[in-house]
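Asker: Chains as they are written, first to last, in this note's numbering: chain A, 1 to 306; chain B, 1 to 455; chain C, 1 to 324.
Rather than coming from a laboratory, the hints here were simulated on the basis of the structure.
Just so it is clear, the structure is predicted and the values come from calculations on it, not from any experiment.
Don't take every hint at face value.
Sample of chain C residues lacking proximity to chain A, with all beta carbon distances greater than 10 Å (derived) [what the hints assert, rightly or not]:
{"hint": "1", "residue": "Leu58"}
{"hint": "2", "residue": "Gln82"}
{"hint": "3", "residue": "Leu97"}
{"hint": "4", "residue": "Ala101"}
Stretch by stretch, here's where chain C covers chain B in the computed footprint (C-beta under 8 Å, at least three residues) [said to hold, decoys possible]:
{"hint": "5", "region": "135–146"}
{"hint": "6", "region": "286–296"}
{"hint": "7", "region": "420–430"}
The C-beta atom is built at its ideal place from N, Cα and C for all residues, glycine as well.
As a plain string of letters, each chain reads:
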Amino acid sequence: MTMATRQATSAAARTAATPAWHRAGMGRRLAERVGRRTVLWLGIAVFVVITGFPVYWMIITALMTNQQLYNPTSFRLWDLPFVFNHVTYLFTQTQYLRWLGNTYLIGAVDAAVTLAIGIPAAYGLARMRLRGAQTIAVLLFMTYLISPSLLFIPLSKVLATLGLINSDWGLMLVYPTITIPFCTWLLTGFFASLPKDLEDAAKVDGCGTWGAVWRVVLPLSQAGILTVVIFAFTLTMQDFIYMLSFISSSQLMPVNLGVVTQLIRGDIFYWGSLMAGALIAGLPIAIIYNMFLDKFVSGLTRGAIK
Amino acid sequence: MDKTGSTTPGPGSRPDTRGEIRTPFSRRKFLQAAGGGLAALGAAPALAACSGGPATSASSGGSGGSGGKNLRLLLWSHFVPAFDTYFDNYAKTWGQKNHINVVVNHVPTQTVVTHFSSEVAAGTGHDLVQLQADTQPIIFAPHLADVTDLHNKIGSENGGWIPLAQFGNVNGRWITIPEFFIEYPGIYRKDLFDSVGAPAPATFNDLITYGAELKKKGHPVGIGFSACDDSENAALGFMFAYGSTFIGKDGKTITFDSPETRDALNEAKKLYTSAMTSEILSWNDSSNNTYLDSGVASFILNPISAYRSAPQSLQSKCDFVPPPAGSQKGANTVTIQTWVIPKWSKAQDTAKKFLADYFAQYETAFKASTGYDMPFLNNFLKKPMPIIGTGKYQILQDAASWSRGTGWPGPPTRQAGLVNDKYLMADVFAKYVTGQMNLNDAVSYGVGQLKSIYA
Amino acid sequence: MTADAGRIGTAGSVRAAAGGRGRQGGKPAWRRALYGKARYLTLAPATLYMAAILGVPLVLAIWYSLTDINTSTYAVRFVGLQNFISLVGNPAFIQALINTAIYGGASTVFTALVGTAMAFVLLPSYRGKPVIRFIMMLPWTIPIPLSLVGWQWIFQPQFSVINWIAQQMGVMSSPGVQWLGFPDNAMASIIMANVWHNIPFAAIIFVAAVIGIPAELIEAAKVDGAGWWRRLTRVMLPVAAPILLLGLVFNMVFNFTDLTIVYLLTQGGPAGGTEILSYDAFQVGIQDGNLGEGAAITLFLLPFLAFISFLFLRAIRRSRLAMS
């Protein structure tokens, strides 16, 4: 007998052996499971619509002609033929690719700086009992309380002194102030949850504290580091006010500023290209997120509990 | 590491003091010094501003306040992309001819003031900036260079400045060179008005009467009462047409509470109830464009951008009229673009020469803007003007006669600018026409808000 | 986990064996002292970086709020708390305060609730999950200034797709809801745009928190006869608290201090209906050039937000310690 037939036979035997009232119970549990499954798929549908419909609408707008868009009589959720002139306009008549490149470069540098600064700080907070360290951690977080609506004015002064006005380096200098506090708190929780004895063992082997960090802690922290990287990108890509205040040259603009500058002119909105621009900027990060999401979640998880 | 081999100091460990004499001490000192130095660098220009001295250009200059061989311009993104191309090209060619390195930077349309504010705070930035309202030079007055000589020169060479350009004068010195304004004519569907036997709408009464009929046919009037520039201009248009103002000639006395204001509000309410739909209450600046371009609107008040972006078949059905009249001739406020030279600029003379040369050939610029950029100089307003001198555009040539500055009849002060920025007049109109407030309440609401702005 | 417990014993015994005369004991004393002080160096980069870049601006912001500094004149006078006091008497400011409370509070609550609900959809596995997950991440990965342009189109008075669908379904009459046209609608709209953007963030935080809960704890609770609600409140939430609280306080602070959404979508309108403090500060401080007053508006909520954040942060620390 094969495994499968043996299982089927024994299952049949079990069913025959169970009393009828018990089988009724199984049916009820099955119904429960089906019910739960239905609720699940209902929930999935709801959230796909909530998150996906605006995106869908943006895609459609990017692919329809202006005539189709501005037509109140034949307004539709779906209209063929699709046209690509909005997308082409985006790539040929504006410096969109350049802006994307700027955005991702700035994000990458920010991630690197945040890691370089956040990892030691988080490790110190997690492992070393330092007097006043908790106060510093709290103060770090408190920097979020001053709105950038005011900070950008004095920050301009600081950047001007350093000669970094109208330079992507200026943004790279300022953005870590947005990402460091949150990422430090994340990493602190993460490091605190790593089993201490691995590091201790490494130290006893003669690594020293920093050797232990390098050899033991960091390799274990891939998920946490990935988490920080992804947050660094997302957080820096949300900014608008800083880039508006500091950047004026078109080729230096990150994508948020570039799109708004060139595709919204007074009362003329280039809706098709705007939608295309918005989507294309967000897609790569979403794809990377999805690929690494499990690692990402486990990175946060380690920060949650041991 | 202490004796037990763990990194956390146990309660019993005692730090060895010998080590403190050397490395930690010097390291700490170094870090303190570096941190303090950085802070001081940052603080120096800040303190200078705080103590009331003029904004000094940063010592490590970098990219701002360029020297004589560089000229950096900052302006908005024109809503005719072709004009930006023309202007960037003109600047480059001019630069080549004069051996100057010219850089032109465009920022999003409404945001020049934001960017310029950060430059003012930094004390460094571009050499020539195009601000976006007649009120803005006043706001930044202490940071702007004196351009009286240039102002007079350009004026005298080109037939003189029109009254609308008389802003930006502080104690007898001019701190700005106005370039152009954008007028707000009425754009109407001639075919629709013909179909109800109506002539070109010249008064708000016309709009109320014929607009009502057109609304029944599915073509309402499209004048917004919402939080956007177009609506604020429209509200002021109503007020001017009935002789109402919100501020007096001295720029300080609030004149909003008057029978004329009540007339304007009542006429607006009639128009709203008979000829418009409630969607106009949520419009932004592009909404009336869309309204016209979709074929729905029978009448809007907007710069000709809405007309230009309409499909060809629709354009042939549209025509222009001056802002509607009421008990008085129609008028409304307009968008004004004006050049300033910041004090930190090391290229002020270069900037002045650029402007002088630019204005000398302004006709070309006007053509490049396809007729949008209405000049402030009489010579350029001589009829027939290029592009708008023929056909249905002709009435636009008189735009200066029905266009007014911010805070009219008073000067364009900061407070007047704030009234504009808060879309206060449109707000009052919206509250009354929707019945949210009765007449007296709406007027006192307006007065109250004005008082808090002009306090 | 059990393997770790075993190892702790091992390391401890190793340490004990090393004792005070082990390798570490052989290090010179100055080196150990160096180590003692050098530990603070781990915090140095972070502290110095933030202090160097934000230190001066922060101090300046506070200084501005105590003066009448503005762009139209060089004369600066120290006015003490005058700016703050005059704000309290200004009805427009009070309105902005209320708006901020509504906007910040509602956004945070809805983000937490809807995000948590979405997390329950992300936890189980099912066919097609990667694609569905991808879609659900998009609101967060599309930069918010760009998705706001999308929302402008969705809320467009004439061509709002929401209105069109509702009208097709017969639940809305023409011309439909004016999303950005009335103060209450506009407030709902900005909350909607904000929550939409942040739901994936909240969901991921919640998923992470829940996945990390050891199955044994939940099983034990089930065995004890705890129902779904009890399992949630007595077991899951306390264990997941550190990261949930961090996400919550971060989101809350963002909602109370951000101005991008109002700046790009409603500009404080209509009629001050979405005028929130951060945008008011911008209008007064930047557009009007009255920096002193603008700074005062920005700093007005600081004590309150600082207090709330401090409570959250302390709770996070406590819940971390409670589990170690």
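Asker: Failing hints, ascending?
Answerer: 1
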